[in-house]
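Novice: These are the residues of each chain, in order.
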Amino acid sequence: MIPEYILRAILASIAVSVLLGLLSPIINMKGLAFLTHATFHSLLFGAVLGMVFGLILENLSLVMIVALIVTIIVVVLIAELEKKGFSSDSAVGIVASFVAGLTVLSFGVLYKVMASRPYFPLSENIVSYLTGEIFLITLNDLLTLVVGGIVAFFIMLLLYRDFLYLSFDPEGLESYGGNSRAYLMILYVLVGGIGALIVKTVGLITLQVVAVLPGAIALMMSSDIRKILGVSLFLTLGVELSSVVLAYFTGIPPSGLATIMLGVIYGVLLSRR
Amino acid sequence: MDMNAVEAENLTVLYGGQPALEGLTFNVEEGKTMLLLGPNGAGKTTLLRTIAALHSEYSGKLLVFGEPPHKARDLISYVPQSHSLNERVPLTAMEVVAMGSIYRESFLHFRIPTSAMDKAKEVLGFVGLAGMENRLFRELSGGQKQRVLLARALMSDPRLLLLDEPLSALDPSARVEVTAVLSKIKRERGLTMIITTHDINPLLEIGDRVMLINKRLIEFGKPEEVLRDDVVKSVYGPLARAVKVEGKLFCITGDAHIYHRREEM
Chain A
301 MIPEYILRAI LASIAVSVLL GLLSPIINMK GLAFLTHATF HSLLFGAVLG MVFGLILENL
361 SLVMIVALIV TIIVVVLIAE LEKKGFSSDS AVGIVASFVA GLTVLSFGVL YKVMASRPYF
421 PLSENIVSYL TGEIFLITLN DLLTLVVGGI VAFFIMLLLY RDFLYLSFDP EGLESYGGNS
481 RAYLMILYVL VGGIGALIVK TVGLITLQVV AVLPGAIALM MSSDIRKILG VSLFLTLGVE
541 LSSVVLAYFT GIPPSGLATI MLGVIYGVLL SRR
Chain B
10 MDMNAVEAEN LTVLYGGQPA LEGLTFNVEE GKTMLLLGPN GAGKTTLLRT IAALHSEYSG
70 KLLVFGEPPH KARDLISYVP QSHSLNERVP LTAMEVVAMG SIYRESFLHF RIPTSAMDKA
130 KEVLGFVGLA GMENRLFREL SGGQKQRVLL ARALMSDPRL LLLDEPLSAL DPSARVEVTA
190 VLSKIKRERG LTMIITTHDI NPLLEIGDRV MLINKRLIEF GKPEEVLRDD VVKSVYGPLA
250 RAVKVEGKLF CITGDAHIYH RREEM
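Order-wise, the sequence lines are chains A and B. Oh and the first sequence: position 259 is 559 in our numbering, straight run, nothing missing. Oh and the second sequence: position 44 is 53 in our numbering, straight run, nothing missing.
Among the hints, erroneous ones may be present.
Okay, derived cross-link-like pairs now, BS3-like style, lysine-lysine, Cα gap no bigger than 25 Å in a straight line [claimed, not checked]:
#1 B:K257 x B:K242
#2 B:K231 x B:K193
#3 B:K242 x B:K195
#4 B:K231 x B:K257
#5 B:K231 x B:K128
#6 A:K384 x B:K80
#7 B:K70 x B:K231
#8 B:K80 x A:K383
#9 B:K224 x A:K384
Here chain B is said to cover these stretches of chain A; the calculated rule only asks that three of the stretch's residues, wherever they fall, bring their Cβ under 8 Å from a Cβ of chain B [to be verified]:
#10 453-460
#11 468-474
Residues from chain B that face chain A, not an exhaustive set, calculated with beta carbons under 8 Å [stated by the list, open to error]:
#12 G25
#13 L63
#14 S93
#15 L94
#16 P99
Everything labelled a hint here was simulated from the structure, so no lab data went into it. By construction, the Cβ of each residue, glycine as well, lies at the ideal position given by its N, Cα and C atoms.
So that you can see chain A by itself, here it is in the shape it has in the complex:
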């Protein structure tokens, strides 16, 4: 009999794999690795802020919602700066620096709030955001991941060709009647939203790697977009599931194992070029 927490972990892994498997090639093709990095870091600020509100309002389910809202505000800010003529790198750098400062500040506030409350295992909660704790996923977390994941999945599927065109020639897309700003904004919000959905499963520290490497590997292996998507999806799924199994037997956090596996595969492919 498989324990329920393992089943939850397996289901969460499948959801994460489908989302990142689809998103990762776009992150690589559009050159969004830096934006992804900044967006995922803003999740930490959002999570800490959510914990502050959660403690004050005695409702810790606010953590993911606040993290999601903060991340969406961050991507919208980045998009607005780009609209005003900042390069993508500069826009991300400016906003990420600001968010880093806010994160430090919010930790200070959190400690003060924690000191004024009865004990609650918040430190474990923060750690689960940093390293990911797939075995601690609750039924509620899983439900949020699946429902949010289905919405994100269909948006990605419907707009995938548009995201490809946006990556290929945004100005051409605009001149032929497309709204490249709208597509870009949707893509940024998807990156932030998917990050918020899966952060507790994958962990902030490794989220960037798991979001970038499957697509990078798939792009090294094929030039056909269907094959690229297939490789990215199955690679993410294989790595996520095997890391859960390995973690069960070794006690090493699965996110770390997944990152190492992806790094090794990428390194082997690179060395054979």
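Place chain B on chain A using the hints.
Specialist: Same frame as chain A, now just chain B:
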């Protein structure tokens, strides 16, 4: 009286509040081809982008087929410089060409409509690339890529084609290929074209008007009127020359590319 495809009067284009182009007055009659010349940073691409409604910070009058550019968008096709494309995206020639029409129809494009695929095949044939539909764009030669972009521009049946450096980074034989397609577009479809270029000589065969700019209008008129030795020198420096050899006009700028235009006088 011929209708003006583009009409500009005292047009000043701004970037961040600063003028990038000042006080341009010109018009391009429908069906004519205008070659837009100027040194690097002269504002050629800026002018094209403004006409294409991709940049809207300007003052003065600018009309495309009698309408402000954003209202005439469906009549315009813009072909950017090919090096601005992200070739990491593995699109086929067919997918690139289809991009030229599907956005006029809907917001979602999960599948390319059959009608768009049929039309894409037809225009790929028109530019001499029949049978190349499923080849990856990034694996095509420079001349083939440029012809795919021209095919994409033709997908929406535009009346005005704006081409940004269509011959840049092409070898001589590819330049001949692309020039031949441009000539065919002019001859068979009668489109108005505005073409920016650093090397005017290969395009003199199809140019009806030449506009020389350097942040402002230097000269505008028929090639024989504009491409005078003194004018070319004033823009490109003392080494530039415009010469006639055996009745043919040659323009030698910094790049010193040589081609010819048979005098029509």
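Novice: Tell me the hint numbers this structure goes against, listed in increasing order.
Specialist: Result: hints 3 and 5 break, sorted rising.
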